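There are 2 protein chains.
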Amino acid sequence: MDLASHTHRIEEELKNLGLPENPEGLYEPLRYFLQIGGKRIRPVLTLMAAELFGQPDKAINQAVAIELFHNFTLIHDDIMDNAPLRRGMITVHEKWNLNTGILSGDVLLIEAYKKLVQNANEHIADILDIFNRTATEVCEGQQMDMDFESRIDVSAAEYIEMIRLKTSVLLGCALEIGALMNGASKENADHLYQFGEHIGIAFQIKDDILDLYADPEKFGKQVGGDVIANKKTILHLTAVANSSKEQLSVLKNLSAESDATQKIEKTRMMYDHLGVKEKCEDLLHDHLGTAMFHLEEVKVEDHLKKSLRELAIYLINRDK
Amino acid sequence: MDLASHTHRIEEELKNLGLPENPEGLYEPLRYFLQIGGKRIRPVLTLMAAELFGQPDKAINQAVAIELFHNFTLIHDDIMDNAPLRRGMITVHEKWNLNTGILSGDVLLIEAYKKLVQNANEHIADILDIFNRTATEVCEGQQMDMDFESRIDVSAAEYIEMIRLKTSVLLGCALEIGALMNGASKENADHLYQFGEHIGIAFQIKDDILDLYADPEKFGKQVGGDVIANKKTILHLTAVANSSKEQLSVLKNLSAESDATQKIEKTRMMYDHLGVKEKCEDLLHDHLGTAMFHLEEVKVEDHLKKSLRELAIYLINRDK
Numbered sequence: 001m002d003l004a005s006h007t008h009r010i011e012e013e014l015k016n017l018g019l020p021e022n023p024e025g026l027y028e029p030l031r032y033f034l035q036i037g038g039k040r041i042r043p044v045l046t047l048m049a050a051e052l053f054g055q056p057d058k059a060i061n062q063a064v065a066i067e068l069f070h071n072f073t074l075i076h077d078d079i080m081d082n083a084p085l086r087r088g089m090i091t092v093h094e095k096w097n098l099n100t101g102i103l104s105g106d107v108l109l110i111e112a113y114k115k116l117v118q119n120a121n122e123h124i125a126d127i128l129d130i131f132n133r134t135a136t137e138v139c140e141g142q143q144m145d146m147d148f149e150s151r152i153d154v155s156a157a158e159y160i161e162m163i164r165l166k167t168s169v170l171l172g173c174a175l176e177i178g179a180l181m182n183g184a185s186k187e188n189a190d191h192l193y194q195f196g197e198h199i200g201i202a203f204q205i206k207d208d209i210l211d212l213y214a215d216p217e218k219f220g221k222q223v224g225g226d227v228i229a230n231k232k233t234i235l236h237l238t239a240v241a242n243s244s245k246e247q248l249s250v251l252k253n254l255s256a257e258s259d260a261t262q263k264i265e266k267t268r269m270m271y272d273h274l275g276v277k278e279k280c281e282d283l284l285h286d287h288l289g290t291a292m293f294h295l296e297e298v299k300v301e302d303h304l305k306k307s308l309r310e311l312a313i314y315l316i317n318r319d320k
Numbered sequence: 001m002d003l004a005s006h007t008h009r010i011e012e013e014l015k016n017l018g019l020p021e022n023p024e025g026l027y028e029p030l031r032y033f034l035q036i037g038g039k040r041i042r043p044v045l046t047l048m049a050a051e052l053f054g055q056p057d058k059a060i061n062q063a064v065a066i067e068l069f070h071n072f073t074l075i076h077d078d079i080m081d082n083a084p085l086r087r088g089m090i091t092v093h094e095k096w097n098l099n100t101g102i103l104s105g106d107v108l109l110i111e112a113y114k115k116l117v118q119n120a121n122e123h124i125a126d127i128l129d130i131f132n133r134t135a136t137e138v139c140e141g142q143q144m145d146m147d148f149e150s151r152i153d154v155s156a157a158e159y160i161e162m163i164r165l166k167t168s169v170l171l172g173c174a175l176e177i178g179a180l181m182n183g184a185s186k187e188n189a190d191h192l193y194q195f196g197e198h199i200g201i202a203f204q205i206k207d208d209i210l211d212l213y214a215d216p217e218k219f220g221k222q223v224g225g226d227v228i229a230n231k232k233t234i235l236h237l238t239a240v241a242n243s244s245k246e247q248l249s250v251l252k253n254l255s256a257e258s259d260a261t262q263k264i265e266k267t268r269m270m271y272d273h274l275g276v277k278e279k280c281e282d283l284l285h286d287h288l289g290t291a292m293f294h295l296e297e298v299k300v301e302d303h304l305k306k307s308l309r310e311l312a313i314y315l316i317n318r319d320k
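From first to last, the protein sequence lines stand for chains A and B.
Residue numbering for the first sequence follows this note's numbering, starting at 1 and increasing by one per position.
Residue numbering for the second sequence follows this note's numbering, starting at 1 and increasing by one per position.
These are calculated hints, taken from the structure and not from any lab test.
The structure presented is a predicted model; accordingly, all values stated were derived computationally and were not measured.
Mixed in with the good hints, there may be bad ones.
Since copy identity is lost for identical chains, a pair holds within one copy or between any two.
[Said to hold, decoys possible] Using 27 Å as the maximum straight-line C-alpha spacing, the simulated BS3-like pairs for lysine-lysine come out as follows:
{"#": "1", "residue 1": "Lys252", "residue 2": "Lys186"}
{"#": "2", "residue 1": "Lys252", "residue 2": "Lys305"}
{"#": "3", "residue 1": "Lys114", "residue 2": "Lys186"}
{"#": "4", "residue 1": "Lys231", "residue 2": "Lys306"}
{"#": "5", "residue 1": "Lys58", "residue 2": "Lys114"}
{"#": "6", "residue 1": "Lys114", "residue 2": "Lys252"}
{"#": "7", "residue 1": "Lys58", "residue 2": "Lys305"}
{"#": "8", "residue 1": "Lys305", "residue 2": "Lys95"}
{"#": "9", "residue 1": "Lys58", "residue 2": "Lys218"}
{"#": "10", "residue 1": "Lys277", "residue 2": "Lys231"}
{"#": "11", "residue 1": "Lys218", "residue 2": "Lys245"}
{"#": "12", "residue 1": "Lys231", "residue 2": "Lys221"}
{"#": "13", "residue 1": "Lys252", "residue 2": "Lys279"}
{"#": "14", "residue 1": "Lys277", "residue 2": "Lys15"}
{"#": "15", "residue 1": "Lys218", "residue 2": "Lys305"}
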């Protein structure tokens, strides 16, 4: 099946989750949040991985579980990040209140566990093992992300480790669980995990690059948002790592620049001078290469890997 | 084994949980919170239930899981209730901050799942089934509790349903899981669940009664705290249900009384007049009776039930 069919399948499942009607204050926010969209990449990865070894539908509950877990993290992260909007819509804690954000998030995590073990049969222990480990790592990544805000000595390597935990391991987990549900060997499942992990890191690096270097006409949001907010992206950390003392002082002054257009323009010039974009693209391609290596190592007929290969290229080549 | 031995065993396990050192901001709050005490009744119930059918230690990980889950709910409830103190110690979100309360709570729920499935062997699907259902119900109970604050038409029956979900099902779940881990029949496990559920309800009714009728010298905290805060306890709801129009208006005026001593004294007189304490004690004994019926129905040698019977009596006869 192709990307669109898998995505459609997931949307249908999410529409027919059968969450209880009551208490309304607990479940209505979940119905709202699950319907405001998102690319559904993670559950699609689960179905695609399952399809390498059998019918994708064998992993449908687990795919939904991964998406529910992801949405649980978004609801709680939005509180922690004080975010008013998500995908252009009002966040749960803003539309309702803090308590609703916390408790609806909690019950969504429990729903994720329910879906995860539904028809998991003999795979139940294995998929819980990887799911539990991943869930913990995602929390650890979020904690590191928050810790970084108040630190001035974050290295590029630490940043990569943070995004690995906060976002990439879940992609790996989504793939591994899909594979396990159709009885894949531990070795094949592990290669798929690593494929997902490195695609996730490459994806996040691409995100950071796009923020400053996207074509404004295609990007759909303001170019340079991370620069204005002084975010410690991989671009910024790479610039810092490659700067002389003088250049560091220029960067520091730039962070206090109040004219947004000037700030973005001067930062881009400084980054160009330091070769930041190329260095980050090299890093991106390192991870993409490692990801593709692991996909090749999966012992199934090559033509079956087409959709995963295409999805990976799509995630990395996007311009928004 | 007796209550003290079981409790000691749980304390040891909690001390040696082996939570990671880093990120410190995520795990240090958990080490703090898990060591500020609590009666550890839930995990002790798990061990006692397991002991009816074999070695209690077979259910040790599951007992710890129940306690971790309980502590997760406390950390998040304390945020939602804006509580500065828990067991006389500063709450997590007060000692650290809101984000720490949310994220440390989240990771604790995941830890609970890890412990729950550790060495669960062939019982894994059964115990996840009851655990997931219970976890959802606890969230629903918390939502109902919050909803009640802004409602003026809460009935005593609704209140009992709320405390059943918010607190009692977890006692039932603790017992059922302990029994299942030692291969108890579904029927025996179910009787233990219902024993726990009704003990939990009786326990909460006792809590409400003690608030106004405890011996101040033994109680250890202010008598009448619920009255001062205008809490919709079972005492209050029973009074409302048994009041004439005139008496309702007296109760309403009392809720606005600013002199705390007067308010408590007059409320107690009103309740005495309406027979509130006796009615609530009758309700308590109904649930205690139902609980004991279910314990008797468990098909094991009678002398094995001694510690569960004693614990139930202790929970109901306490004076603080």
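A quick look at each hint next to the structure:
1. Lys252 - Lys186: So Lys252 and Lys186 fail the 27 Å test inside a copy (48 Å) and across (67 Å) alike.
2. Lys252 - Lys305: neither (46 Å within a copy, 70 Å between copies)
3. Lys114 - Lys186: Both, since 24 Å and 20 Å are each at most 27 Å.
4. Lys231 - Lys306: neither (36 Å within a copy, 62 Å between copies)
5. Lys58 - Lys114: both (16 Å within a copy, 24 Å between copies)
6. Lys114 - Lys252: Answer is neither; intra-copy 49 Å and inter-copy 44 Å both fail.
7. Lys58 - Lys305: Intra 18 Å, inter 44 Å, cutoff 27 Å: intra-copy only.
8. Lys305 - Lys95: neither (42 Å within a copy, 51 Å between copies)
9. Lys58 - Lys218: This pair counts as neither: shortest intra-copy Cα distance 38 Å, inter-copy 60 Å.
10. Lys277 - Lys231: within (16 Å within a copy, 61 Å between copies)
11. Lys218 - Lys245: neither (36 Å within a copy, 68 Å between copies)
12. Lys231 - Lys221: within (16 Å within a copy, 49 Å between copies)
13. Lys252 - Lys279: within (21 Å within a copy, 71 Å between copies)
14. Lys277 - Lys15: neither (41 Å within a copy, 49 Å between copies)
15. Lys218 - Lys305: Neither: 29 Å inside a chain and 71 Å across chains, both beyond 27 Å.
Figure legend: structure checked against the earlier numbered hints; hints not met, in rising order: 1, 2, 4, 6, 8, 9, 11, 14, 15.
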